[in-house]
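Kindly produce the complete structure, drawing on both the sequences and the hints.
These protein sequence lines are chains R and H, in that order. So for the first sequence, this note's numbering puts the first residue at 162; every next one is plus one. So for the second sequence, this note's numbering puts the first residue at 221; every next one is plus one.
What the hints contain is simulated information worked out from the structure, not anything from laboratory work.
If you anchor each label on the Cβ, the simulated ranges turn out as follows:
{"no.": "1", "chain 1": "H", "residue 1": "I594", "chain 2": "R", "residue 2": "A228", "range": "33 to 43 Å"}
{"no.": "2", "chain 1": "R", "residue 1": "P231", "chain 2": "H", "residue 2": "L236", "range": "30 to 40 Å"}
{"no.": "3", "chain 1": "H", "residue 1": "A576", "chain 2": "R", "residue 2": "G174", "range": "53 to 63 Å"}
{"no.": "4", "chain 1": "R", "residue 1": "V272", "chain 2": "H", "residue 2": "A572", "range": "39 to 49 Å"}
{"no.": "5", "chain 1": "R", "residue 1": "Y172", "chain 2": "H", "residue 2": "Q507", "range": "16 to 26 Å"}
A short, non-exhaustive set of chain H residues, derived as facing chain R with CB atoms under 10 Å:
{"no.": "6", "residue": "L223"}
{"no.": "7", "residue": "R225"}
{"no.": "8", "residue": "Y511"}
{"no.": "9", "residue": "D512"}
{"no.": "10", "residue": "A514"}
{"no.": "11", "residue": "L516"}
{"no.": "12", "residue": "T518"}
{"no.": "13", "residue": "L519"}
{"no.": "14", "residue": "G520"}
{"no.": "15", "residue": "A521"}
{"no.": "16", "residue": "P523"}
{"no.": "17", "residue": "A524"}
{"no.": "18", "residue": "S525"}
{"no.": "19", "residue": "P604"}
For clarity, every value in this text was computed on a predicted model and none was experimentally measured. From the three backbone atoms N, C-alpha and C, an ideal C-beta is built for every residue, glycine too.
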Amino acid sequence: MLEIRDLRHDYAGRTVLSVPAWEVAKGEASVVLGPSGSGKSTLLAAISGLLRPTSGSIRVAGEEVTALSPVARDAFRARRVGLVPQTLHLIGVISVRDNLRLAASLAGGGVDEKWIDACLAALGIGDLSSRHAADLSVGEAQRVAIARAVVNRPALVLADEPTSALDDASCEQALALLLQHSAAAGATLLVATHDRRVLPHFTRRLEL
Amino acid sequence: MSLARLAWAYLASRPLLTALHLTMLALGVGTMVFLLLATGQAERRLGRDAVGVDLVVGAKGSPLQLILSSVLHLDVPTGNIPRAEAMKVAADPLVALAVPIALGDSHRGYRIVGTEASFLPFYGARLATGRAFGREMEAVLGAEAARATGYGAGARFPGTHGLADGGAAHAEDYTVVGVLAPTGTVVDRLVLTPLESVWHTHAVAGGTGEAGEITALLVRYRTPIAAAVMPQRINATTALQAASPAYESARLMNLVGVGLDTMRAFAMILLASAAVSVFVALTSALQERRYDLALLRTLGARPASLFVLVAAEGVTLVIAGVILGFALGHGATELLGRWLAATRSWSITGLAWEPAEFTIAVAVIAAGIATSLIPAFQAYRRDPAILLKR
Numbered sequence: 162m163l164e165i166r167d168l169r170h171d172y173a174g175r176t177v178l179s180v181p182a183w184e185v186a187k188g189e190a191s192v193v194l195g196p197s198g199s200g201k202s203t204l205l206a207a208i209s210g211l212l213r214p215t216s217g218s219i220r221v222a223g224e225e226v227t228a229l230s231p232v233a234r235d236a237f238r239a240r241r242v243g244l245v246p247q248t249l250h251l252i253g254v255i256s257v258r259d260n261l262r263l264a265a266s267l268a269g270g271g272v273d274e275k276w277i278d279a280c281l282a283a284l285g286i287g288d289l290s291s292r293h294a295a296d297l298s299v300g301e302a303q304r305v306a307i308a309r310a311v312v313n314r315p316a317l318v319l320a321d322e323p324t325s326a327l328d329d330a331s332c333e334q335a336l337a338l339l340l341q342h343s344a345a346a347g348a349t350l351l352v353a354t355h356d357r358r359v360l361p362h363f364t365r366r367l368e369l
Numbered sequence: 221m222s223l224a225r226l227a228w229a230y231l232a233s234r235p236l237l238t239a240l241h242l243t244m245l246a247l248g249v250g251t252m253v254f255l256l257l258a259t260g261q262a263e264r265r266l267g268r269d270a271v272g273v274d275l276v277v278g279a280k281g282s283p284l285q286l287i288l289s290s291v292l293h294l295d296v297p298t299g300n301i302p303r304a305e306a307m308k309v310a311a312d313p314l315v316a317l318a319v320p321i322a323l324g325d326s327h328r329g330y331r332i333v334g335t336e337a338s339f340l341p342f343y344g345a346r347l348a349t350g351r352a353f354g355r356e357m358e359a360v361l362g363a364e365a366a367r368a369t370g371y372g373a374g375a376r377f378p379g380t381h382g383l384a385d386g387g388a389a390h391a392e393d394y395t396v397v398g399v400l401a402p403t404g405t406v407v408d409r410l411v412l413t414p415l416e417s418v419w420h421t422h423a424v425a426g427g428t429g430e431a432g433e434i435t436a437l438l439v440r441y442r443t444p445i446a447a448a449v450m451p452q453r454i455n456a457t458t459a460l461q462a463a464s465p466a467y468e469s470a471r472l473m474n475l476v477g478v479g480l481d482t483m484r485a486f487a488m489i490l491l492a493s494a495a496v497s498v499f500v501a502l503t504s505a506l507q508e509r510r511y512d513l514a515l516l517r518t519l520g521a522r523p524a525s526l527f528v529l530v531a532a533e534g535v536t537l538v539i540a541g542v543i544l545g546f547a548l549g550h551g552a553t554e555l556l557g558r559w560l561a562a563t564r565s566w567s568i569t570g571l572a573w574e575p576a577e578f579t580i581a582v583a584v585i586a587a588g589i590a591t592s593l594i595p596a597f598q599a600y601r602r603d604p605a606i607l608l609k610r
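Okay, here's the thing in structure tokens:
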């Protein structure tokens with residue numbers, strides 16, 4: 162599902178990311194572990210096509226991401242990747258449902274209202290559908306961010322530091338939601354974190 | 221959920237700021253449109269009403285007042301002059317046509333003009349119904365005066381003293397004998413009658429033939445050379461005053477022009493302030509929304525889509541401001557026109573379109589697009605990875 166070979170990215174004359182080889186199977190959940198500045202975010206950006214690495218190969222579901230044009234990378238990201246940023250960032254001036262609709266319409270596949278209902282219901286936030294995203298609590302925003310990540314039935318869900326600011330109970334809950342709903346959507350989950358509390362949940366890991 | 225709807229949601233999320241921008245844009249555009257409509261129609265009407273009248277001879281006083289009272293029928297006359305003196309001017313070889321008028325009365329705000337039968341050909345007016353006036357107290361109505369009063373041939377009405385509505389009624393009634401076809405000039409708003417009617421109702425001593433007084437003599441030159449000779453000669457050698465409608469109309473527009481220029485400058489300052497304000501708002505919104513923009517990129521939006529999103533917000537605002545401004549400008553012109561029609565026997569309409577309005581719309585929208593381009597380009601160049609580095 163995800164294959165990385167000889168990946169390297171240089172910034173300001175120094176190598177900020179180096180991954181000789183790594184593979185993740187379809188539907189597998191894995192973790193990228195490393196301290197701040199070790200290149201975790203750069204790796205997620207490269208896998209999702211937000212940046213083009215200096216050298217190496219990244220294949221997602223057979224598609225060579227590094228060979229794609231900028232426009233094709235945008236389309237690939239919309240279609241194949243669901244991203245849960247560390248800040249859970251939602252667009253506050255529109256409703257929860259519109260946040261999901263926006264993600265669906267940018268992917269270009271049309272908006273499936275029933276699937277949006279199903280995603281919201283599965284995460285227990287069906288009643289928040291019409292609420293403005295700016296009015297949500299952190300816990301609610303976390304669920305909406307996960308729903309948005311899986312709404313396009315992506316091949317890959319990338320989560321950036323999803324637990325770093327959470328207490329133990331919230332950390333467990335956030336991971337459970339990510340694991341459960343990525344699996345339900347048939348997506349491969351990749352979590353980048355420096356938080357070692359998450360390790361028991363993953364059998365595969367990449368240390369940077 | 222399209223990016224267009226998202227642009228609208230951003231606008232709606234700041235209602236006070238959006239309302240402030242819309243108000244500034246609408247006031248600026250509205251003022252420009254109002255000035256364009258009002259001055260365009262006023263200039264055309266001045267030109268139409270004065271067409272064919274090269275010179276007005278009347279009593280000494282303000283030349284502008286003489287033109288306003290005797291050609292445009294807006295002001296009170298400067299006084300009366302002996303008809304015999306005026307006829308000497310009419311007999312000048314440089315004069316092709318001359319027609320005397322006597323003012324003093326009105327009916328329901330429409331001026332009663334004592335004159336001669338030559339008044340109709342002088343203005344190119346034709347009868348729509350009935351016949352021309354011939355005897356004392358017979359009247360021919362201009363098209364608008366007939367429409368407003370509902371009078372036709374055979375109708376009788378009293379003249380009231382003074383040129384505004386509400387004066388004391390004279391004892392003897394006028395009888396309508398004809399109605400003129402519309403001319404698009406001041407004639408449409410006049411009630412025409414023989415000079416003798418005016419003299420009779422005012423019981424002027426010796427008020428017949430050469431002994432009567434008139435308000436003014438309207439003159440058309442036989443040759444353009446007359447313009448260089450006649451006014452100066454009349455003003456220098458007689459007790460009469462000669463004034464040129466073309467010159468006085470231009471002087472009037474120049475006098476009014478100072479006020480118009482001030483209003484135009486005010487409108488331009490408003491529009492420039494609105495443009496700067498929209499630019500500052502978009503730029504600051506860009507900073508506030510940097511993570512929104514980065515998020516949109518992670519969701520697959522192309523840089524060009526972010527450019528359109530930010531530009532659409534500014535352009536939507538400007539287009540809405542232009543539409544509101546046009547509604548405001550036309551509405552204000554229509555309201556002023558109704559007030560003028562009721563109180564000043566002068567009307568303009570907001571239900572008209574001046575070709576230059578298109579230029580205003582295009583210029584303001586183009587300025588709005590230009591204002592939005594810089595922040596839109598900044599959005600285009602945003603680094604989407606900031607969301608992962610936060």
